[in-house]
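Chains as they are written, first to last, in the numbering used here: chain F, 1 to 443; chain Z, 1 to 490.
Hints are computed from structural coordinates only; laboratory data are not their basis. Idealized CB from N, CA, C, for every residue including glycine. It is possible that part of the hints are untrue.
[Stated by the list, open to error] Not the full set, but computed from the structure, chain Z residues with beta-carbon under 10 Å of chain F: (1) V114; (2) T189; (3) R190; (4) Q264; (5) E267; (6) E295; (7) L323; (8) W325; (9) K326; (10) P340; (11) V344; (12) V348; (13) G420; (14) P453; (15) G455.
[To be verified] Taking CB as the label site, the calculated pair distances span: (16) F:G31 to Z:L54: 36 to 44 Å; (17) Z:R131 to F:E281: 44 to 52 Å; (18) Z:D107 to F:G256: 34 to 42 Å; (19) F:T319 to Z:E413: 44 to 52 Å; (20) Z:R316 to F:G256: 34 to 42 Å; (21) Z:P340 to F:G51: 44 to 52 Å.
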Amino acid sequence: MHSPLSRRLAEIVGGAHVLTGAECAPYVVEGRTPECAVFPGSREDIAAVLGVAADSGTPVMPWGGGTGMALGSPPAHPGLVLGLRRLGRLLEHEPGDLTATVEAGMTLEAFQAELSRRGQWLSLDPPQAARATLGGILASNASGPRRHLYGTARDLLIGITMVLADGAIVRGGGKVVKNVAGYDLPKLAVGSFGTLGVIVEATVKLRPRPDCDRLVVARFSTLAEAGQAARAVMASDLIPSALDVVDGEGLRALDGEGAPGGAALLVGVDGIAEQVEWQCEEVGRLLKDCGLAGVRVLDGTERDEAWRAVGEMPQRAFTDATAGMKWGVLPTQVAELIARAGAVASQRGLRAAFVAHAGLGIISAVLDAAGADAEQVACTLGEWRALVNGSGGHALVEWAPLAVKERIAVWDTPGPDSRIMRQLKAELDPRGILNPGRFLGGI
Amino acid sequence: MPALTEARKKSLRREMEALLGPGAVLSDPDELMVYESDGLTLFRALADFVVFPLTAEHVAALVRLAQREGLPFVARGAGTGLSGGCLPAEGGLVISLMRMNRVLEVDYDNQLAVVEPGLVNLHLSWAVGARGFYYAPDPSSQQACTIGGNIANNSGGPHTLKYGVTTNHVLGLEVVLPDGEIVWLGGKTRDPQGYDLTGIFVGSEGTFGIATKIVLRILRQPQAVRTVLAVFNEIDQASEAVSAIIARGLIPAAMEMIDQLTIQAVEDAFGCGYPRDAAAALLIEMDGLAAGMDEQAARVIAACRETGAREVRLARDEAERQLLWKGRKSAFGAYGRISPAYLVMDGVIPRTRLPYVLRRVNEIVAGYGLRVGNVFHAGDGNLHPNILYDPRKPGEEQRVVAAGGEILKVCAEVGGSISGEHGIGLEKRDYMPLIFSEADLGCMARVKRAFNPTGLCNPGKIFPSRKGCAEAGFASRPHPIEEAGLAQRF
Ligand SMILES: Cc1cc2nc3c(=O)[nH]c(=O)nc-3n(C[C@H](O)[C@H](O)[C@H](O)COP(=O)(O)OP(=O)(O)OC[C@H]3O[C@@H](n4cnc5c(N)ncnc54)[C@H](O)[C@@H]3O)c2cc1C
Ligand SMILES: Cc1cc2nc3c(=O)[nH]c(=O)nc-3n(C[C@H](O)[C@H](O)[C@H](O)COP(=O)(O)OP(=O)(O)OC[C@H]3O[C@@H](n4cnc5c(N)ncnc54)[C@H](O)[C@@H]3O)c2cc1C
Numbered sequence: 001m002h003s004p005l006s007r008r009l010a011e012i013v014g015g016a017h018v019l020t021g022a023e024c025a026p027y028v029v030e031g032r033t034p035e036c037a038v039f040p041g042s043r044e045d046i047a048a049v050l051g052v053a054a055d056s057g058t059p060v061m062p063w064g065g066g067t068g069m070a071l072g073s074p075p076a077h078p079g080l081v082l083g084l085r086r087l088g089r090l091l092e093h094e095p096g097d098l099t100a101t102v103e104a105g106m107t108l109e110a111f112q113a114e115l116s117r118r119g120q121w122l123s124l125d126p127p128q129a130a131r132a133t134l135g136g137i138l139a140s141n142a143s144g145p146r147r148h149l150y151g152t153a154r155d156l157l158i159g160i161t162m163v164l165a166d167g168a169i170v171r172g173g174g175k176v177v178k179n180v181a182g183y184d185l186p187k188l189a190v191g192s193f194g195t196l197g198v199i200v201e202a203t204v205k206l207r208p209r210p211d212c213d214r215l216v217v218a219r220f221s222t223l224a225e226a227g228q229a230a231r232a233v234m235a236s237d238l239i240p241s242a243l244d245v246v247d248g249e250g251l252r253a254l255d256g257e258g259a260p261g262g263a264a265l266l267v268g269v270d271g272i273a274e275q276v277e278w279q280c281e282e283v284g285r286l287l288k289d290c291g292l293a294g295v296r297v298l299d300g301t302e303r304d305e306a307w308r309a310v311g312e313m314p315q316r317a318f319t320d321a322t323a324g325m326k327w328g329v330l331p332t333q334v335a336e337l338i339a340r341a342g343a344v345a346s347q348r349g350l351r352a353a354f355v356a357h358a359g360l361g362i363i364s365a366v367l368d369a370a371g372a373d374a375e376q377v378a379c380t381l382g383e384w385r386a387l388v389n390g391s392g393g394h395a396l397v398e399w400a401p402l403a404v405k406e407r408i409a410v411w412d413t414p415g416p417d418s419r420i421m422r423q424l425k426a427e428l429d430p431r432g433i434l435n436p437g438r439f440l441g442g443i
Numbered sequence: 001m002p003a004l005t006e007a008r009k010k011s012l013r014r015e016m017e018a019l020l021g022p023g024a025v026l027s028d029p030d031e032l033m034v035y036e037s038d039g040l041t042l043f044r045a046l047a048d049f050v051v052f053p054l055t056a057e058h059v060a061a062l063v064r065l066a067q068r069e070g071l072p073f074v075a076r077g078a079g080t081g082l083s084g085g086c087l088p089a090e091g092g093l094v095i096s097l098m099r100m101n102r103v104l105e106v107d108y109d110n111q112l113a114v115v116e117p118g119l120v121n122l123h124l125s126w127a128v129g130a131r132g133f134y135y136a137p138d139p140s141s142q143q144a145c146t147i148g149g150n151i152a153n154n155s156g157g158p159h160t161l162k163y164g165v166t167t168n169h170v171l172g173l174e175v176v177l178p179d180g181e182i183v184w185l186g187g188k189t190r191d192p193q194g195y196d197l198t199g200i201f202v203g204s205e206g207t208f209g210i211a212t213k214i215v216l217r218i219l220r221q222p223q224a225v226r227t228v229l230a231v232f233n234e235i236d237q238a239s240e241a242v243s244a245i246i247a248r249g250l251i252p253a254a255m256e257m258i259d260q261l262t263i264q265a266v267e268d269a270f271g272c273g274y275p276r277d278a279a280a281a282l283l284i285e286m287d288g289l290a291a292g293m294d295e296q297a298a299r300v301i302a303a304c305r306e307t308g309a310r311e312v313r314l315a316r317d318e319a320e321r322q323l324l325w326k327g328r329k330s331a332f333g334a335y336g337r338i339s340p341a342y343l344v345m346d347g348v349i350p351r352t353r354l355p356y357v358l359r360r361v362n363e364i365v366a367g368y369g370l371r372v373g374n375v376f377h378a379g380d381g382n383l384h385p386n387i388l389y390d391p392r393k394p395g396e397e398q399r400v401v402a403a404g405g406e407i408l409k410v411c412a413e414v415g416g417s418i419s420g421e422h423g424i425g426l427e428k429r430d431y432m433p434l435i436f437s438e439a440d441l442g443c444m445a446r447v448k449r450a451f452n453p454t455g456l457c458n459p460g461k462i463f464p465s466r467k468g469c470a471e472a473g474f475a476s477r478p479h480p481i482e483e484a485g486l487a488q489r490f
């Protein structure tokens, strides 16, 4: 099935790199099949593809590893998928400068493997590293537990190259760790969900791999105690690299036997051996007064597996979870909000599980609504949102069945600053071809 | 900008006085002169008015008035900027935030503070110090510069090697947009939805509006600190020590380099105990947990010795630590004693290129028959060559500026940047093409237009003067700051 569009695209990237019809099955987004999927081999080809798309008014969905394509409002018209998989090289790694420049289509796992050969790493640990790409991680501002100490993509990205909707290839930032020349375009790229430009290359700050890295899993019989414990760690001299709270249902992901009411605090500590040992002991001492019910210190593969389990909690806690939200609140509100949201779900006869970056106030909430109808799910998510918004926080529906998304907005109601966001979109993508309609405020 | 008529000036003055109260509007040329420069005195520009609002609503009303009149306006903090950023390049209104200087709220449990833009940087650390907290970004000017200015320039400082620059510590801002609307960008919570407007506002050098409230992270003071001074007979050895420390998996809180000319100036002026005959000294500070601190210090000292340090001193107590820092911190004062004037340069290079670039800097400056002192953030490759000169000697200022330009070219050639913390402002706008293409600048111009469509908010900054503006699609005006006696170079 070759449409005029796919023929023109094939002229640019070669026929082998254009998929059409049934071949597009892996690229279905929210039930919608794209017209074609195209895999350019260079940034110039990306510019040319965008030119073709603009001419024909075809929406473009940049595609990295595809692990986060369901994020955002469902696309009204699927258009074409622009895959980055052929741009997957590490371009530069200068260990002495603690920087690396990488193409957007490289997976995080492959990137970390290269870096670790020279004793360094990118201090960003979102889930799905084997599939997720640097471009996708930046575009969706994905992060993991170690953001507690090391920050998120906005703190680590120092240079970006994007292809804008009009084909312009633009660079912002640079290759040095400190730089204030010109506007901080890397900040605009992070979390823009492919709506402002296609990320083709990124330069990031690196860190030396720590000598030693452990995970302290502290158990409590109540969530309130775990929350109190998190606050005690924050108020102490400890400098953990991660500080996550997992509720009783969420714990099922960790060891398969969570219990309603129970909870755990996960404290990551890394650095030189003496520091790590002191921190592990100090966590135990400090938490004794918070009702500590048990503590384990994990290292090596056990530690990695536990962190992976926490990252994949949404898939692991329940056999078939229905929907997930991401909330941002004040750290001191975390435990109470989780408790209240859990109560909301159970009043409706639904189960819920929660993991939070407790020191930062980022909560991942998962709803298990097996058997419930879309209306009931949407109502629960809506109540959750009201709860979070009412506490001054924000609440995003990260994933949910289409029928639910038809009943509840993915994004919060935009604030007055969204006027500037719309103007930015209008300046950088005036014809609205990049992921149109999927972002906050209909951008 | 056609000059305002006297009658118009009078009526505007009355209108603004009615808004702000008496004494909050300056328009007398003698009074305006105080505000014609910032820390970079090469540039001067006179405003029509300097005004002192007390609230965001005041700022918004002033901005709306300026838009109504087609008058340019620019925010001003303490005026310690080093790129001419707060100068009224095209006349109009200077909006000083110095009266808006309160700490509005401190939430220790959530480790954040809400402050007004005119707050002096160091005063925030004072305000939260008693509870064991501090604000990490520490520009060397921190006793004077304001949080608003820090936001605009994304300022750094010695300890930003480990803790990051201003942008890594800002959670949200209340801003008066260039059209006078008051909006919040970000807030107290992480990962706000939508584009990272907070992130793009920080570092926009006052061209995206005026910040009126700022939410900042505050950090707990570290348990322990170790400060080491390593002395070298060759500047290359000091540069190599920086790399050797990084290679050992350490990221100290600060790694500052001080060269021989600076050491001698500091010793002559203040006597901090640095050896006068050393080619370079590295001031290295580690902080964090007490556990493992001695081990870290040992690793740093070993790295310095391995790269040829002839002497390594570890401060034994806080008094000794302060003395070591005094040498670094008083460098600017010391230059003032040995030279009638000096130009502070700011460039960034990959830190592995330090030996080469420092050699080039010294050659370039010597080639112009001038002297240079280097005191800088070596850990992150942020150079500050300070070129000494005498403005009374004919032609010397021109030579300083030419030498500075060549230094920036070298920074660009090795893959660096033309500014690490002082900003582009007026000073470096014509050097932007050294590191950015037309397409890059065009993209930045589009971003600017989204915030500042009339261009009246801090005009004449960041973008290259003639060509760049036309390309960017802005109404290309003749060079306002160089015309009409409004401003002059040198
Ligand atoms: C089960 C599950 C759990 C998750 N949990 C978390 C979590 O806990 N925390 C968290 O932060 N994230 C989480 N995510 C999100 C996920 O980690 C990120 O979305 C992912 O890292 C994106 O990488 P990707 O390469 O797969 O991107 P894709 O899925 O391919 O794309 C994601 C978005 O980015 C855009 N995009 C991709 N590449 C580019 C590019 N080069 N230029 C411009 N735009 C581009 C796409 O158009 C799309 O909008 C989770 C995802 C899943 C599926
Ligand atoms: C001796 C000395 C040492 C220095 N050391 C350092 C250093 O170590 N690191 C470093 O980064 N800088 C340093 N600087 C430069 C300078 O101190 C910083 O750039 C500082 O942030 C400027 O703050 P200010 O309040 O003086 O701002 P100003 O000079 O008044 O203004 C600077 C810019 O900020 C804008 N601005 C001010 N307030 C606001 C607001 N509320 N909203 C929006 N825009 C605003 C202005 O329009 C202008 O563009 C040094 C300067 C001196 C003189």
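Violations among the numbered hints: Violated hints: 1, 4, 5, 7, 8, 9, 10, 11, 15, 16, 17, 19, 20 and 21; rest satisfied.
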